[in-house]
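Enquirer: Spelled out, the chains give:
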Amino acid sequence: MSGVSIIDYGLGNLGSVENMLKRVGTTSRRVSTPAEIAASDRVLLPGIGAFDTGMDLLREQGLVEALRDFAATGQPVLGICLGMQLLLDSSEEGVTPGLGLVPGVSQRFNEAAGIRVPHMGWNYAHPSREDPLVAGLADDSRFYFVHSYRVVPDRNEDVLATTQYGVPFASMIRAGNVMGAQFHPEKSHAFGMTVLGNFAHL
Amino acid sequence: MNVFPRVIPVLLVSDGYLVKPVRFAGDKYVGDPINAVRIFNEKQVDELVICDIDASLKGTGVNYGLIADIASEAFMPVAYGGGITSVADARRITGIGIEKVVLNTIAVTQPESITEISAALGASSTVVSIDAKKRMTGGWDTFIRRASKRVGLTPAEAARRAQELGAGEIIVSSIDREGTFSGYDLKLVESVASAVTVPVVALGGASAFDDFRTALDAGASAVAAGSMFVLNGKHRAVLISYPTPEQVRSLGR
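Which chain is which? The protein sequence lines are A and B, in order. Under the working numbering, residues 1 to 202 are what the first sequence spells out, in order. Under the working numbering, residues 203 to 455 are what the second sequence spells out, in order.
Next up, chain B with everything else stripped away, as it sits in the complex:
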């Protein structure tokens, strides 16, 4: 038997607040990140991913105070991304009590940093996130800087390179689907999952529990969602939710 597939809420932070964009833009204020972490902790979530989506873009660096507050409330594995520029950053983050670092911008601008961080923390603590946008002509392009800068690699190529450099896990995020509640881009998930042997986490578009099964069938090892876990109903009111432990376990094959 394999381990249960993980179901992972992704919390996006901007200027210290929890926000929820749609297709990487138009951030909606959702609330206080620490409060959200407390609620997810009570719901015994498998894992949490927290990304500061403006840290690299604005050059504000890592918000260590926020990370320390999160770590003291999170009794599950937590991955943090946003503004990491060095091995020293990564070490400091894990030293606070965060298990994994998520690399996005520097995975492209300083690819050797993946290798250095993997050597320092171990591959299983080194996650590379890949933001993918559909091409008009078919296939996908990889982007950084909140979908504003094209990298010049397909997501599968970017994932393969990240694994070769030392990443132990890949988050593949669909820019087109984010916040749209239209389901995962399953072909995207498949293209990345078939390119690497490390676990692939699907993100972007989940609207209901049944979507998780489809992403796992497409090759994902774990499923992640943002909007689905923090917004609710037709008017997208803020409401934190998470499947029951029985539901999550039912995803195991």
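If we strip away everything but chain A, and leave its shape as in the complex, we get:
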């Protein structure tokens, strides 16, 4: 199945993602079964909401193993917002194990750092290395964030971009074919379009 398969598990703004993929000239379809995932070329895992809710919904649809199997094939996987946090082992927000595709956890922002939580609004994301997923992004590229938890990968090399909010945190990750963006590329103008366009052509 060419194009991008968007996981439809009841969380996340699928309409926005579809609209932007269409704008970057890529076909997309919503998928909700293990068979559809297995038949995909690349998979996008959106998500807004609570960690345990997200994992529970994936499990109910039998998608946890399907996503692990798909990732094991080496084909591209991109998690957005909560979808990225689900890629890791666990989260302080919940008790359910994550997909475990990238070693690490999600931790809550600490208001003691003098910040309001959630982190909501536009912020910069600075790529920490060259990578096809961030190709063509200018230094002042800004992205739309809405989240209270941030991912903390075990391995520094899995951090693809950092953003400053009270503390520096990983706003993009990449461990081989498994990638994530904490911001919403589908709502981040030309900057987000660059990222989604890059993903569609990996």
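Just so you know, the hints here were simulated from the structure itself, not pulled from any lab data. A virtual CB, placed ideally from N, CA and C, is assigned to each residue, including glycine. Keep in mind that the hints are not guaranteed to be accurate.
So these bits of chain B aren't anywhere near chain A, every CB distance computed over 10 Å [unchecked claim]:
hint : residue
1    : 219
2    : 246
3    : 279
4    : 318
5    : 359
6    : 365
7    : 385
8    : 438
9    : 443
Computed from the model, here is a short list of chain A residues facing chain B with C-beta under 7 Å [unchecked claim]:
hint : residue
10   : 15
11   : 16
12   : 19
13   : 20
14   : 48
15   : 122
16   : 123
17   : 187
Got chain A; can you put chain B on it based on the hints?
Expert: Frame of chain A, contents of chain B only:
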């Protein structure tokens, strides 16, 4: 460092057309909402708020066709308000590709709907807008139905209640200032911002970029404007404008 304060154009729609009232009345026809969204998209606005100001009043419900057209042209966060009466409405709107719903009438007539919608969409997607009018005796009253029905709460009380019920953001709108280009009602902004911990968006009266700073200093987390972004000059001709990215970034502290 905090995130940049957002600068948000507010587009008002009536019967499918973009309109601009003054003090909540005397709607002036401004143009086609989709065209305006396209222009704001090109200008890379931080966020858009779109409100159908007659949907609840006339009972016409949510104009889903319009929302779908808007969503397909808007590559920034969009909040929609107008005619929402249920969680099902809210879910359908966000499913189309709109990030946030703005509740006004039902936030008062069915306050429990704030909690239900917040549980379904998350607090950060649940915005309550509060329309405030100055009292002769000082302070403000909260109104719904285009400033025609008094709620019986001050804006600060209404905001606090909305936050307790699950709202993740409050838009506070000055009925007296709307479309007047006379600056934000800073005391109103302050009274609401100090009553809640969720972000407060100031609306009503902005005439120039410098007004944004004053509203942020009064406690707003984001600033919104209607007339300033769609009308221009002494004769208030229709002209869509928006500050440059550098100007918007300069509001960050």
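Enquirer: Of the hints stated earlier, which fail here?
Expert: Those not satisfied are hints 2 and 3.
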